[in-house]
Amino acid sequence: MTASSTTSATGIRHRRAPHWPRKIGRSLLILAAVIFLAVFLVLPLSVVFVEAFRQGMHAYLSTIKQPEALSAIRLTLLVAVIAVPLNIVFGIAAAWAMARFEFRGKALLGAFIDLPFSISPVISGLVYVLLFGAQGWFGPWLQAHHVKIIFAVPGLVLATIFITLPFIARELIPLMQAQGSDEEEAARVLGAGGWQMFFRVTLPNIRWALLYGVLLCNARAMGEFGAVSVVSGHIRGLTTTMPLEVEMRYNEYDYVGAFAVASLLALLALLTLAIKTLLEWRYGDEIAAHAPGGH
Amino acid sequence: MRRRILPGFGLSLGYALAYLGLIVLLPLAALAWKASGIGLHGLIRLLSSPRTFAALKLSFVGATFAAVVNAFVGLLVAWVLVRYRFPGRRLFDALVDLPFALPTAVAGIALTALYAPNGWLGQWLVPHGIQIAYAPPGVILAMVFVGFPFVVRTLQPVLESLDRDVEEAAESLGASHPQTFFRVILPMLFPTLLTGFALALARAVGEYGSVIFIAGNIPMRSEIAPLLIVEKLEEFDYAGAAALGMVMLIASFVLLIVISLLQRWSRRWAEHTR
Amino acid sequence: MRQVDTETTMTLELSHLSRRFTDFAALDDVSLSIAPGEFLALLGPSGSGKTTLLRILAGLDYPDSGSVDLDGQNFLAAPARERKIGLVFQHYALFRHLTVAENVAFGLRVRKRRLRPSKKAIAERVEQLLQRVQLDGFGHRYPTQLSGGQRQRVALARALAVEPSLLLLDEPFGALDAQVRLTLRRWLRELHEDLELTTIFVTHDQEEALELADRVAVMNRGRIEQVGTPEAIYQQPATPFVCEFIGKVNKLPLTLSGGRLGMGEWLLDGEPWNGEHAHAVAYVRPEHLALDVPETQPAWSARLRHVYLAGSVAHLELYVPSLDHTLEADIAGEDVAKLGLQPGAQLRVAPRSAVVFAMDKSGEDAAVQGRWVWQAKNAPHA
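Residue numbers (this note's numbering), protein chains in the order written: chain A, 1028 to 1322; chain B, 458 to 731; chain C, 140 to 521.
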């Protein structure tokens, strides 16, 4: 996924004024694109908020204050707080190995890092059920030791880690490759130890790209539905994250309640987009231009 | 004698491999193992079930259709965003990523609220015989939604860095604007367009959250393969779920390999410059 | 070489260094001895191995075989961070997120606590170094806010901050424009005279190497072709490669006729190989061509085709019809008028001196069999 697009203004305008048939053609193209974006993106976004407030502010607030909504919010935050830092450490380690060293099987490692992106979320959840579920590889052993992973919080965390694993590594690898290792070598020659080099040179150089990756990783971690749905078991108040709470309320025909929780997630998405755009706009160079889906 | 100048190779690679092994490879091994448990006979029975076949067909054909739509619309939007300046351009540009950022469940119920027979748009469309929600078009609509940013975001940087000289050369040789676009620009964009297509396709094939609400999930008609996996799990048919999952995985990989071969062929002219 | 103080009597001894990359040999049996306080240039075209050699000394690469000793101690055993080396990278590798002062202080700040100077001492040292590189007052800027020449000096100050025993510079002027390059070059020479610090720099610019260094090592394809003073490198090139790489040169194929090597009317006397080699190549610098050779001595008759007056020097293009060969000659600009040289003029031309290499055959892939520095007897003046 990822997607960075620095909106460039690289002197793309034509030198001469276009002739009128061109002008009309251009206006039609712009109009078509804008209508599509409006109907396709703005309208779904608006519908979330309109439906959430259909019965007024009071109904909105009271449905959000319900205990199962609050516990869903808490659980969503908890899962993200565990999954994101783990993927940060992995992302940095993988990027360091991939961008700074040559070794056999590097391309294969890159492909494995990307793997979760091309796997259906449902399968991402399924594999953990097959591993830790009652009939899974470790199921009997876990049961004997009273450890619950599937239909419990650890399962939610694992599925979320799986889904969001590539985000940070994918952000850092191309950037670190583009930056090269000169500064790190300079630090070594100047006497810096490994961790000194890392904290004083490497980390400051990748901080904005790291933040960018964390942002995308977090948005996906909090919003993941398919994988989490498979391992959750939908136990109200215990294993329902916000997206699952949305689903359950919707299936119970509690539309205002569903859209109210959905509106919180939509706000998170908007916030993510705003910070992401700000980062691209302010630190575009330090986030590195790269095409999504390829190195 | 030591060769590696920068520290931490063993630590970083070891950690990355261990983490990847535990989080990704071990679970996938469990999938393959469990799937192989149903045997060839079981696999044939699974695939010959009309319901499974219909679901797989909807997932793959629908996703391909959605990716084609996205290739066209994505090209249009990327072109307009890169080449033209108009009020609100930056806002729309930022909004392109909305399907990435918006949780799929939210997208699913929002699209349903729009296109359901009593929805904002559905109440106008359904009386004219255009049924989107609870029918295959709804499935495809949701798939277009989730795949849309891939095409735009893949094309944008390439469009930005496209050499204007070549276009101007074409124009100076007497090509009209449409000729320049179809004979010069489009062939240069094609490999990138294929990449975007492949990404959108891969995403749409496996998509679950945004589809299940609008699909209505009518067996044989609007039921997607991932949903079938969930249903098999709920019936505790682990082997069936695993086998279906494995079939989907293999089919998507074959598809992606074909696309990457096609891509290599389409950029044969770039072989030496890249 | 200059006198050095007795305190830094550390000779760096490189012996039989080899380093292969997958598809080529970056270093092929390189041996070199570097005296304390010396200013040495590693000169060669790209891919000649000079940067690899520098990186090995810096601890950023390791040879496949061979050794480096510093006063009898194995220098390669120490990792980069313990070698006390000042390294200036080609593109400076300044820490972009740190200010100039923080860049310079880096090497001191990362020291172990008991070796680390106090904050005050570091600040003073930084101030002192910035003064030394003429950047006082720039401490709070970021590298991106500096010009190329300024960045280069920051990189130098940063390298000097750790009080290195060896200063290494990788293409120190490579990324600068001509004017800045010239100023910095002189300044670096003066700095070296002040510091008396053993300094090795890599360059592909022969002018830079000849002007700056005490000694120049010319490298080609992973080997050292010649080591010597700039004077020796220029006047007595040891190999055809050095002849062709350093300065402009006329390359003249010679053949043996009647026991003498020569080309057309120009025959050399005193050939040292007793007619053993039928093929040879003579290299003649443009300023070593005499243009008014008396009738008594062997010479070509040539036609002056063009005069390119480049400031104080005039480059002449001469055509010798009997050889169908074009020669280049350089004379002082004022002499053009003095000698009344006009395009079309007929001149009697012969080398005053040449470096001659006996070859096993004619053609580009011939191998050198012997070397002979030839001087014309009672050479006439231009």
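Derived by calculation from the structure, the hints in this document are not laboratory data.
Honestly, I wouldn't trust all of these hints.
Said to hold, decoys possible - Examples of chain B residues toward chain A, derived with CB under 7 Å:
(1) Leu477
(2) Val481
(3) Tyr541
(4) Ala558
(5) Ala562
(6) Leu568
(7) Leu571
(8) Pro574
(9) Val623
(10) Phe639
(11) Gly663
(12) Ile686
(13) Ala699
Even glycine gets a Cβ: it sits at the ideal position worked out from N, Cα and C.
List in ascending order the numbers of the hints, as given earlier, that are violated by the structure.
-> 8, 9 and 10
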